[in-house]
Amino acid sequence: MPTFNLKINNKTHTVEADMDTPLLWVLRDKINLVGTKFGCGIGQCGACTVHVDGNAMKSCLLQVSQAEGMKITTIEGLSEHGDHPVQQAWKEIDVPQCGYCQAGQIMTASAFLKKNPNPSSSEIRNAMHGNICRCAAYNSIEEAVKIASEKLS
Amino acid sequence: MKPSEQIKFSRRSFLKTSALASGGMLIGFNLFNACKADAEMPIDLSQLNYNDFNAFIKISPEGKVTIFSPNPEIGQGVKTSMPMLIAEELDVPWEDVYVVQAPLDAENYTRQLAGGSQSIRHGWKPLRETGATAKQMLVNAAAARWGVDASECKVNNGIITNGKGETLGYGDVVLEAANLEVPEDVVLKDPKDFKIIGKGKGKGNVDIDKIITGKPLFGLDYKEEGMLYASVLRPPAFGQILESYDDSAAKSMPGVVDVITIGEKVRALFDAGKKSWTTQLSTTDKVVVIAKTTWDAMKGKKAIKAIWKNDSSLESTEFHDEKLLELLNDNKFKERRSDGNIKKAFKEADKVVERIYEAPFLPHNCLEPMNFFANVTPEKVHLVGPVQTPADAAKVVADLLGRDLEDIHLEMTRMGGGFGRRLYGDFVYEAAEISNAIQKPVKIVSSREDDMTTGIYRPASKYKISASIKDGKLTGYHLKEACINGNMYGLIPNFFPAGAIENYQVDTANYQSNITTGAWRAPFTNFLASAEQSFFDELAEELGVDRVQLHLDLLENVKNNPDPNIEYSPERLQGVLKLAVEKSNWGNVRNGVYQGLSVYYCHNTHVAEVADITMENGVPSVKKVTCAVDCGIVVNKLGALNQIKGGVIDGIGHALYSDFGFKDGVPKSNNFNTYQLIRMGQTPKVNVHFVENGLDPTGLGEPTLPPVGAAVANAIYKATGKRLTKQPYMSHLNIETEILG
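Protein sequence lines, in the order shown, are assigned to chains Y and E. Just so we're aligned: 6 in numbering that gives the first Met the number 0 is position 7 of the first sequence, and the numbers increase by one with no gaps anywhere. Just so we're aligned: 249 in numbering that gives the first Met the number 0 is position 250 of the second sequence, and the numbers increase by one with no gaps anywhere.
Calculated directly from the structure, the hints in this document are not laboratory data. Some hints could be false.
Unchecked claim - Taking lysine-lysine and the BS3-like style, the derived pairs with C-alpha atoms no more than 25 Å apart in a straight line are:
#: 1; chain 1: E; residue 1: Lys463; chain 2: E; residue 2: Lys439
#: 2; chain 1: E; residue 1: Lys214; chain 2: Y; residue 2: Lys10
#: 3; chain 1: Y; residue 1: Lys6; chain 2: E; residue 2: Lys209
#: 4; chain 1: E; residue 1: Lys725; chain 2: E; residue 2: Lys662
#: 5; chain 1: Y; residue 1: Lys10; chain 2: E; residue 2: Lys222
#: 6; chain 1: E; residue 1: Lys394; chain 2: E; residue 2: Lys222
#: 7; chain 1: E; residue 1: Lys209; chain 2: Y; residue 2: Lys70
Unchecked claim - Example chain Y residues on the side facing chain E (calculated, C-beta under 8 Å, incomplete):
#: 8; residue: Met0
#: 9; residue: Phe37
#: 10; residue: Glu75
#: 11; residue: Gly81
#: 12; residue: Trp89
#: 13; residue: Lys90
#: 14; residue: Tyr99
#: 15; residue: Ala102
#: 16; residue: Tyr137
#: 17; residue: Lys145
A virtual CB, placed ideally from N, CA and C, is assigned to each residue, including glycine.
Only chain E is shown next, with the shape it has when bound in the complex (with noise of 0.2 Å):
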């Protein structure tokens, strides 16, 4: 969607209200004809079920409000935002607010997916909508019961004023306006009257109590009566399968209750095509301890003896080198975009740029291992786990098992982090299949050493970026990608610098690898920003213009030549360029403090990035990132900061430190101790500028990450005069990385 497009809220048909059995007042929307997904999500995520989506408030006689927050928080901070955003509307004071996690509901909600920071710029007007709807008819019933026109009363926190000065407080009308008609035409806010959104430090997350005190939150945590643990032990390298295994020791061991195997249920589905995204993880058979508790069925799982054999080839980390390369040295390319005649361009000018950027597969590591509950019964199937697409993991356990979709019952946890990684549902399908299985209550627990090896990896990705300078300007720029599996799809290339540069092309080609990939937190753009925003460093330099001034004058070429296909705002970018210049006192620095700067958008918003760095004996240490975005109205700063600080944290980590491939198709890392995450003393101190305009907002959960590895590769260069085209950049520079554990 481009931004300029407006989302329509004609779809007061969907409105729906239902007096409660208890008494009270529920009322539920529906967000599919106002949120059209369209193009906007990359191609892997569009496999998901899209269709429509709701939210609930509850308000019970005694004036109690309870907001059902609809998507999954994998601590991206909706199940406090989204269900603000209706607070507002309803006008009720936020103390007052329950917010409990919906469960999955695919009659009465859809777009339950938490995934490319989509859920309050999707939820904005209609959830801010349906707090009005249910407050006019709150208001309609007052004025009803005491005889006057709705128009002459007024609501503040909950208590409805007439004329006379009489009061009402929402629990007082709430059984006679749930029998309203639904109104048509209410009005939002003004965005000067907000009592919540965007007001002084924020709301707290709503689940700090019981984090903080450790109360049962996540699906790690979910536990029912009888059940079992489950332990699965998968292949150790992409491309083998099992031949054979030795179950006798596992089974003498007093804790493990039964070895089965699965995998036979989830490869007749793949076979029938009922998914693209075809993975050997999720095909081949595994072997499965169950037991008593998790530690049994861990200790269960290494007393299996396994015979493994090849099906396939066993790829290394020089291979998939060797192969990317190749392609972007070959002309089977896709092409995605192209302005101009970038051949003429080339041929003619008096200089050519090109440079090569390499990025590794990187696994998502989530705290929280992958766990996912089943209990399948002749009568039902009941899941509760963390999941980002729980209406899809639905959909595929009620084909996988024969069962109809109403037989499905799925509840979502909190989850430890998400990052993409559960968006694919792989560790729901094998839970089901186990407890179909043994027709019991079951858990499957990922060790962290089942998390990082079987994963869904960020794929590994090289992009050749050339640039034809003529007479001192720049007049080409053609970029090339080469992936494994698959990235970029139709809508990357009309991010900048597309319509900045008259000649300007964008190619991509792909190859097939056994190495299971998918979406990695930005996806599509995670590694492209540190890549594309190290080459235009280094452009400015060749054209011997300033780094700053070479991008505003680029933008403005935008802004004269209006493109209906652009997807960034240019107005915008130079506004969060200004403001991260202005803000990081960038070019004053003292001695010994190098900066770097990062101009980016994704996801619907607008960053800039100047990363400050120091070295110490011979290490580039990151010391402050100012951090300059343009997200529209920010509808809960302390959850933005979180997201903001959290991304940028993350993307410095991932740049610098973080590698990841394979030997012969086994993992090279498979815990902490041979995995680099970041820690507390390699972070900078992130300060964060928001850009006020009032704008509709959009997400935050990815858009400050991509930008920063570039930042810090700039500020890196100016400190050392090395170029770091290869992530992760420590090991590019030489520097011994010794894992820090």
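Next comes chain Y alone, as it looks inside the complex (with noise of 0.2 Å):
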């Protein structure tokens, strides 16, 4: 089984996985960093959102042999205190219901408030397009990602 090196959250972490292992479940089985979700493995719902070269992307479609050499952040490694902005509105207006798929909401927004960090209304929502909450706490979301940049800019 090949052998590959990957630049998670800043340390280096060695593993052994098949070349077409999704990222996904190289964080979750191997490297034990589950707070990056699975919820369809098609790319279709952004609960498996991580940060790749600062750009949001879906974790179970891109394939361990693909992340070798880029810089890869994860939920555990947004902030060193679980205080970065984003993080803060979420808590500050209390987001989450069941929580499952903030994960990755809180991964897509802010990656995209890097890019944008002060954005119109549609903005937000085309930009949160690919996260689906099933519990359809989108009013809270679309609220926290407005605060998280005002706290940016």
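Join these two chains into a complex; the hints should help.
Structure representation (structure tokens):
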């Protein structure tokens, strides 16, 4: 089985895995970073979103062989103390219901706000389109992204 | 239970305390006698084990307070709101309380389940009483130490003060308190003295820090040393069973540990009549690939070459539609309620209005796919994972493996959604059967495709509603329901409009299918409310009366003719209706905005909703929903708003967009690229207004979902002139519904 060196949350991890293993399952089963969630496996729900070289990407679609050499950040590495402005906003207005999709939502929102710290409402809606919240906490997610943008800008 | 019926709380004998080995006090309580689970729960759920239910407070000598939250957390917020009830009466600052999920404990707790929006309603007095009892024991201990009468002591935020101004903390007296008699006559706080319940913006989710930093919380996150992963291959079509399979390719894969079949044990159990909801889903033989990682198991499953054979009919949506319409048009109904003389009313009518309303099957689509951990050893059976009915699951596993119930240790994880799917423990039995076969710790993990295509679906249903009009008045109302497998049972006939119309009848009929069906968020009413409240919109137009006034008048009839069987309160329905009308600026919206109204009672809560829509290039877009809610005292406003807004948007998503059906027994959709779940761009802003009346609280996990479909449909009628009777409404409008992925 081939070996891969992955740069995750500023640490290098050496893992053995089949070439085609999605990064999602390497993170969850091999490196024990279970904050990145499995929802659909086909890039439709966004629960597995991580940052790859600063861009929000669905880790279920990224094979481990493609992830080598890239800077990967997961929800566990978004901030040292869980106080990234997006995390703060999520806490401030108590966004989660079941909470399962929220790591993915936060990773999408944080990558988006880095590029566009002062977005319009429709820009927020477009940016968050790929993340499903089955509990439908969308009003709160939208508001939290807005609050986070105010903290950042 | 009728709204007027009060919960009695004369069950002191169940209260018990014990001194902990580590020091401190543990106090338990029992809800069974307080909250008899009578007919308020639908029949499917009555299969569940209701017995009784407990929660615990633990106070350490250092004064730290731990509250064990007894019920499973599926996102409905009970892990926060139930402990709030205890903390209020215990009189400790919420900030000092540490909340822990209690395990399944068949001896000390039962009714550990999440379903029917009942947790807060059932827990309201007993949970507060538990806190008050603990507080009184601590006060009694302090009073004894000071040698004063307990009545001269006061408590504030966990500090006891006597008449001389001396103070003791809870931690100072907890060891003595644990050895005292349990007091018989605790006094609950007057709601005006509440410091936690209903105060300010509410309390945030107790798991918030873990959720936003990605800490392990969910079943899918649970791991144990040496744990293997299992992927289960089930028949692709309802009606098919396994004939044979070739596992040679799968077994040659490096990550695959073993390939086995399961099904025999569950089948034997069901054949012995242990469960009435026998499902092919659970009882057929299944091929299980056991591997070192989830991905290995999923890949291994794809490499299995299985041959399936037809065992019963392979049904399609067209067939179901035909069967249900047939049922609506013949007379093989079971009568559920009959008032007056419906035949006479229709015979004498000047006009009869009749409509058929239709809704498809729906999968639950919890974002965390079904999964469960099991480790079966000669000593015990260790089960960990997300299930709404842990007590029931543990009992079935004990039967399944021929073990004593005491051997079964079940731990509940936070759940990535439930919506009714996790009421059914099929995945727990599968995990237990697999671990029993291999005698190793194992976790089964469903793929999204497994989850969506081997579900326990909201049954497809059709309603025929007829009304008779004589001299401009509504004289008769007849509702017929035809459902796959079963739906309404005895409950709904006493909902509105029962009691409001002189001649009234509800009849039901079922077609028994091999498609597995069960409870789905707001079972029984999630579509019925859409049908009924769309029909009343049309009736108002037929009668030439104002929609709001028609409803107010019908409710006035109920007030004038009290009926002890009526489930809802006409006063409270009028209250939410007036509030929604006022707050939505009903009837005074600007051009281009169209409004629709819906008023409904279910799960003990009264709700009225107004949807504001616009048409954009011929496509309706829901912009705003004004939601008026009467749930009595709002225990935790933050949590309540989450439930209400989530229910409304979930309801809109499924009414407008979500479709599900079968072709020769095979589900038509299997993932989110072929099934539309609502996304942010499709959501309105939900504005919530509470009726403030100080009455005992009722649940919020479900009641705001059912009415919203009709509010939207009625608004779309105003915009387009088209009455929508078939969900998903977008398809009925013939609007191209490309799945937005």
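Each hint, compared with the structure:
Between the alpha carbons of Lys463 of chain E and Lys439 of chain E the distance comes to roughly 53 Å, so the proposed pair goes past 25 Å and is violated. Distance check on the hinted pair: Lys214 of chain E and Lys10 of chain Y sit about 18 Å apart at the alpha-carbon level, within 25 Å; holds. A distance of roughly 23 Å separates the Cα atoms of Lys6 of chain Y and Lys209 of chain E; the hinted pair therefore holds under the 25 Å criterion. A hinted pair counts as satisfied when its Cα atoms are at most 25 Å apart, and Lys725 of chain E with Lys662 of chain E qualifies at roughly 19 Å.
With a CA separation close to 22 Å, the supplied pair Lys10 of chain Y and Lys222 of chain E stays within the 25 Å bound. A C-alpha spacing of about 24 Å is found between Lys394 of chain E and Lys222 of chain E, which places the hinted pair at or below 25 Å, so the restraint holds. For a cut-off of 25 Å, the pair hint linking Lys209 of chain E to Lys70 of chain Y stands: about 24 Å separates their Cα positions. Checking Met0 of chain Y against chain E by beta carbon gives a least distance of about 7 Å; that is within 8 Å, so the hint holds.
Look at Phe37 of chain Y: its Cβ gets to within about 6 Å of chain E, closer than 8 Å, so that hint holds up. A cut of 8 Å between beta carbons decides the hint on Glu75 of chain Y: the least distance to chain E is about 5 Å, and the hint holds. Evaluation of the Gly81 of chain Y hint against chain E yields a held restraint, the C-beta minimum of about 4 Å falling below 8 Å. For the restraint placing Trp89 of chain Y at the interface with chain E, the shortest Cβ-Cβ distance is roughly 5 Å, inside the 8 Å limit, so the hint holds.
With a least beta-carbon distance of about 5 Å to chain E, the hint placing Lys90 of chain Y at the interface is held under the 8 Å criterion. Interface restraint check: Tyr99 of chain Y against chain E, minimum CB-CB distance 3 Å, threshold 8 Å, status holds. Checking Ala102 of chain Y against chain E: minimum C-beta separation of about 5 Å stays under 8 Å; hint holds. For the restraint placing Tyr137 of chain Y at the interface with chain E, the shortest Cβ-Cβ distance is roughly 4 Å, inside the 8 Å limit, so the hint holds.
About 12 Å separates the beta-carbon of Lys145 of chain Y from the nearest beta-carbon of chain E, more than 8 Å, and the hint is not met.
Going through the hint list in order, the structure does not satisfy hints 1, 17.
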